[in-house]
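Residue 753 is where the sequence shown ends in the UniProt record's numbering, and the numbering goes up by one at each step.
Keep in mind that the hints were calculated from the coordinates and are not lab data.
One thing to keep in mind: the hints can contain errors.
Said to hold, decoys possible - Below 25 Å or equal to it, Euclidean Cα-Cα: the simulated BS3-like pairs (lysine-lysine) are:
{"no.": "1", "residue 1": "K735", "residue 2": "K688"}
{"no.": "2", "residue 1": "K461", "residue 2": "K722"}
{"no.": "3", "residue 1": "K21", "residue 2": "K36"}
{"no.": "4", "residue 1": "K461", "residue 2": "K423"}
{"no.": "5", "residue 1": "K735", "residue 2": "K714"}
{"no.": "6", "residue 1": "K21", "residue 2": "K39"}
{"no.": "7", "residue 1": "K446", "residue 2": "K506"}
{"no.": "8", "residue 1": "K410", "residue 2": "K423"}
{"no.": "9", "residue 1": "K632", "residue 2": "K446"}
{"no.": "10", "residue 1": "K85", "residue 2": "K169"}
{"no.": "11", "residue 1": "K410", "residue 2": "K506"}
{"no.": "12", "residue 1": "K735", "residue 2": "K722"}
{"no.": "13", "residue 1": "K632", "residue 2": "K688"}
{"no.": "14", "residue 1": "K688", "residue 2": "K169"}
{"no.": "15", "residue 1": "K632", "residue 2": "K228"}
{"no.": "16", "residue 1": "K228", "residue 2": "K722"}
{"no.": "17", "residue 1": "K632", "residue 2": "K461"}
{"no.": "18", "residue 1": "K632", "residue 2": "K643"}
{"no.": "19", "residue 1": "K85", "residue 2": "K39"}
Claimed, not checked - Cβ-Cβ distance ranges computed for the label pairs, FRET-style:
{"no.": "20", "residue 1": "P152", "residue 2": "H391", "range": "48 to 54 Å"}
{"no.": "21", "residue 1": "S396", "residue 2": "K228", "range": "29 to 35 Å"}
{"no.": "22", "residue 1": "K228", "residue 2": "T83", "range": "53 to 59 Å"}
{"no.": "23", "residue 1": "F744", "residue 2": "V378", "range": "37 to 43 Å"}
Glycine included, each C-beta is placed from N, C-alpha and C at the ideal position.
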Amino acid sequence: PAGPRAMSAAEDAEWLRRVRKQFESIAGTGREIGLKEFKTALQVKESFFAERFFALFDSDGSGTISLEELLGALSLLVHGNATDKLRFLFQVYDVDAGNNKNPRGLSGRCVGVPALTPRSACSPRAGSGSIDAAELRVVLRGCLRESAIALPEERLADLALALFEAADKDRSGSITFEELREELEAFPEVMENLTISAASWLKPPPPAERSCRPRYLTRAYWHNHRSKLAFLGGYAALNLLLFSLAALRHAGLGGWVVVARGCGQCLNFNCAFLPVLMLRRCLTWLRATAVAEVLPLDQHVVFHQLVGYVVLALAAVHTGAHVANFSRLAQRDGRHALAEYLLSARPGVGGLGGTASQTGLALQALLAAMLAFSSPCVRRSGHFEVFYWTHLSYVSVWTLLILHGPHFWKWFAVPGCLFALEKAVGVARRRGGGLRIVEVNLLPSKVTHLVIERPPFFRYKPGDYVYLNVPAIAAYEWHPFTISSAPEQQETLWLHIRSLGQWTNKLYEYFQQPGSPSPEPKPLSRSLGERRCRRWAQVGADGAQLSADAECYIDGPYGTPTRRIFTSEHAVLIGAGIGITPFASILQSIMYRYRRRKQSCPSCHHSWCEDLRDEEMTLRKVDFIWINRDQKHFEWFVSLLAKLEMEQAQQEPGGRFLEMHMYMTSALGKNDVKAIGLQMALDLLAAKEQRDSITGLRTRTRPGRPDWSEVFGKVAEEKRGKVQVFFCGSPALAKVIRAHCERFGFRFFKENF
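Work the whole structure out from these sequences, hints included.
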């Protein structure tokens, strides 16, 4: 849980009843559980805390926990006072590590046990009554493992020393219970959450709160999706109008003919509209116009898929209506079988030379194949070539449509010319020659950083993406990737590609193998971007920097929703994992603008940055939020972020322009007893050294997932202008953030390829 929650007596009883039921399901008929079952129930990553908790719950030292012992301990944690709960935490930390003196200390207590053993051998519940530096280091090492944080031993020693010096008030060389309580009182959120965290180890997660009304019926949803809903409404109305007009025109020819003609007219429009939604160059140009405020250009791929489903449905109804009509005619005439109507060219039936039936059946088969092989299960299961080649049958589809429908060419003339023009531009650029991959950096978590020579006259905006083709990997495959370098970087382009599918894994393995091309790269100017690239390559134990001379082709650039960022007033940038790449380009561009506008006093050498706002950039505030699963994922762009912090060390008038927020989801927070000491130590050391121990940045890395209600609540309180949220990451997280944006009235944009 994110915070404390008062539980009434009835709620306490209900919770303990669920605990009893869960215990009985684990213990079975034996009515007791051992350490192994206890670890399974807690689902802990390391055994240290499981053994500590088990020993403390095992009040009789039998080596097993009975239901009575468990409920007794949990009742103390729920109903006990603050002193009881703090004493339990103290006992967890009182390990007596590294001290193998008399195992039975004062009053028969067990002291000096370096590793936990069953209570029958020695009782770790009651230690020496104080915590020394060695014990604290053992506990913090367990905390680091629980949170999947890897730090060198020297850094662990620094953390232990920072916490020990802060808590050892009398400088006696050990921490007593009273000293620990005094230190914890400096962290009120720890005191506040201790009850909940301690009582929730076996507590089932609370059911998610749901509104009585579906979000699609809320006013906020309709307000935030007004352009998309208006577009869908207009699209549906236009199809209905076309169907009605065609049906009225053929009203006297029978019901089946009316349905077939109505669907046919809708197919004329939809088949011509399909390529319009994939005119990426035209859509990129439209993003710079006022049309972008009216049309939902960001969802063009989603609408392309939707129209594709509509086309298949209309084609099925259109074909079925014609078959039913031919069957009626065959039964009435008695001279021709249904097969003749379907498979033989008949003048007057329609189409070029009376081939409407044959071309219609061929179209139905092609459309069904395109839909089947464009499904996500095909594209993402390593069969991209199947999707690619079946989708190329759109040429055959358009040819058959022109032969099938006498009026389709009128609908298709303009979209077809635009589509052909876009393709011609792309082919012309590719025939200009390939580009050299001048450097490759293999980064942690199988991320491939490509440094590609920038083509002449290649202009793009921060956050744009390109389609990449590497003939050495696959001659005909083109995949979209966001440009992670800033437009101000003149000589090279950067692409950061995470290995998630077949093609991206092949790319990583190609440059990883010893035989990959590795001549000396051509000399690059020592610009900031080039220096930054080399610095990134050296981050991480499994990172490797390679020179390369492989050839590639790019198609683009194409615009994304992130183009709106510079015309926002208050932008919230949220990247999850490799989803930081579009924001890396944007943050670098901001950094370049800082450098251009940085002023310095010749007398006192005081420096400051002028207001960044101009006709191209109306930003007043940027909140950058980066969410990663584990520590090594931060190594991709940590040097860029460090540079941004240095550039912004001088405060601008009115507060900081850029605020960074880092979250590590695998790390446990202060509301978990297994991480209280670690998070306190990280806070103390960060305050002392002015840098975070996990990333090395000044910005403190926060454990767990963001509390979006709290994050957006603070954003709303700042009142720095109209808030727009830009997200790049997983679809599941996008739904969560979108719902919170609707609640706060923020506009939400998600990057879609």
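We went through each hint and held it up to the structure:
Our distance criterion of 25 Å between C-alpha atoms is broken by K735 and K688, whose separation comes to about 39 Å. For the hint linking K461 to K722, the alpha-carbon distance of about 22 Å falls within 25 Å, and the restraint holds. A distance of roughly 19 Å separates the Cα atoms of K21 and K36; the hinted pair therefore holds under the 25 Å criterion. About 22 Å separates the Cα atoms of K461 and K423, which keeps this hinted pair within 25 Å; it holds.
With a C-alpha separation of about 20 Å, the suggested pair K735 and K714 falls inside the 25 Å cut-off, and the hint holds. A threshold of 25 Å between alpha carbons decides the hint, and for K21 with K39 the separation of about 17 Å falls inside it, so the pair holds. Restraint check for K446 and K506: the C-alpha separation of about 11 Å stays at or below 25 Å, so the hint holds. Proposed proximity of K410 and K423 is supported: the alpha carbons are some 21 Å apart, at most 25 Å.
Annotation: proposed proximity of K632 to K446 holds, straight-line Cα distance about 11 Å (limit 25 Å). A threshold of 25 Å between alpha carbons decides the hint, and for K85 with K169 the separation of about 21 Å falls inside it, so the pair holds. For the proposed pair K410 and K506, the alpha carbon gap of about 45 Å is over 25 Å, so the pair is violated. A distance of roughly 21 Å separates the Cα atoms of K735 and K722; the hinted pair therefore holds under the 25 Å criterion.
Note on K632 and K688: the hinted pairing holds, with a Cα-Cα distance of about 24 Å set against a maximum of 25 Å. Between K688 and K169 the alpha-carbon distance is near 17 Å, which keeps this suggested pair within the 25 Å criterion. In summary, the hint linking K632 to K228 is not supported, as the alpha carbons are separated by about 38 Å, beyond the 25 Å threshold. A C-alpha spacing of about 20 Å is found between K228 and K722, which places the hinted pair at or below 25 Å, so the restraint holds.
Simply put, K632 and K461 have alpha-carbon atoms about 29 Å apart, too far for the 25 Å limit, and the pair is violated. The hinted pair formed by K632 and K643 meets the criterion: a straight-line CA distance of about 19 Å does not exceed 25 Å. Taken as a hint, the K85 and K39 pair is honoured in the structure, with Cα atoms around 22 Å apart against an allowance of 25 Å. Range check, P152 to H391: Cβ separation about 51 Å, and the 48 to 54 Å hint holds.
Distance hint check for S396 and K228: the Cβ-Cβ separation is about 32 Å, which falls inside the suggested range of 29 to 35 Å. Between K228 and T83, the C-beta spacing of about 57 Å keeps the proposed range 53 to 59 Å intact. Here the CB-CB span from F744 to V378 is close to 38 Å, well matched to the stated 37 to 43 Å.
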